[in-house]
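One line per chain: the protein sequences are A and B, in this order.
The numbering of the first sequence is the numbering used here, which starts it at 1 and goes up by one.
The numbering of the second sequence is the numbering used here, which starts it at 1 and goes up by one.
Note that these hints are calculated values from the structure, not bench results.
Among these hints, one or two may not hold up.
As the list claims (entries may be wrong) - The list that follows gives simulated cross-link-like pairs (lysine-lysine, PhoX-like), each with its CA atoms no further than 20 Å apart:
hint : chain 1 : residue 1 : chain 2 : residue 2
1    : A       : Lys-73    : B       : Lys-36
2    : B       : Lys-36    : A       : Lys-45
3    : A       : Lys-5     : A       : Lys-73
4    : B       : Lys-45    : B       : Lys-113
5    : B       : Lys-24    : A       : Lys-5
6    : A       : Lys-5     : B       : Lys-45
7    : B       : Lys-24    : B       : Lys-36
Please read all numbers here as calculations on a predicted model, not as lab measurements.
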Amino acid sequence: QITLKESGPTLVKPTQTLTLTCTFSGFSLSNSGVGVGWVRQPPGKALEWLALISWNDDIRYSPSLKSRVTITKDTSKNQVVLTLTNMDPVDTATYYCGHRPPTASGCYFDYWGQGTLVTVSS
Amino acid sequence: DIVMTQSPDSLAVSLGERATINCKSSQSVLYSSNNKNYLTWYQQKPGQPPKLLIYWASTRESGVPDRFTGSGSATDFTLTISSLQAEDVAVYYCQQYYTYPITFGQGTRLEIK
């Protein structure tokens, strides 16, 4: 049974760096083809893909955030960490992590965490 | 980036009736070497994460009721709910994974008439 859970601060100040952790179970990021990614959703708005890290350390970023975002993995801890620098109120959103199945041949998510709402405000 | 445009933005359908949601991509998401369309559909209910319904444009995820059907190819896709149930009230998103950055449609809100 695959589960994912996001954790991190619920409130950050403008210009600060956000660090979110996705802790997962039921799969290993060392398994061929597997990936974990991040998607965010501002309140009442659509989904926006942020980043993906794969089993072989291949990393993809959204070009719109590429200068601010970093994704890393700790396979031994079953964790993926997302950092987003220079936070702004427009970054207020629910942040989700998701499991990319090995059969995806691309990137979609078949399992998602419940999400964590991050508010950016002074 | 591939732009995904859904229509309509919102839709009200009577219980038991058919619901149809459209998704158009700004370029083809059909990969010629394997003849697969790199297109998924998700369902999102209030306060919940998205749920995968359909991948490869027409393959139903395990456990998804067969009243949900995905169709289309290249740039034009459709999600059809054959007989609307109360639990189908949600926002539906299409997403392309043909190329990075992966991109989502703006969502279609489905309600009961």
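Hints and how they fare:
With a C-alpha separation of about 30 Å, the suggested pairing of Lys-73/A with Lys-36/B is violated against the 20 Å cut-off. Proposed proximity of Lys-36/B and Lys-45/A is contradicted: the alpha carbons are some 29 Å apart, above 20 Å. At roughly 14 Å between alpha-carbon atoms, Lys-5/A and Lys-73/A fall within 20 Å of each other, so this suggested pair holds. For the hint linking Lys-45/B to Lys-113/B, the alpha-carbon distance of about 17 Å falls within 20 Å, and the restraint holds.
Simply put, Lys-24/B and Lys-5/A have alpha-carbon atoms about 32 Å apart, too far for the 20 Å limit, and the pair is violated. For a cut-off of 20 Å, the pair hint linking Lys-5/A to Lys-45/B stands: about 18 Å separates their Cα positions. Note on Lys-24/B and Lys-36/B: the hinted pairing holds, with a Cα-Cα distance of about 16 Å set against a maximum of 20 Å.
Going through the hint list in order, the structure does not satisfy hints 1, 2, 5.
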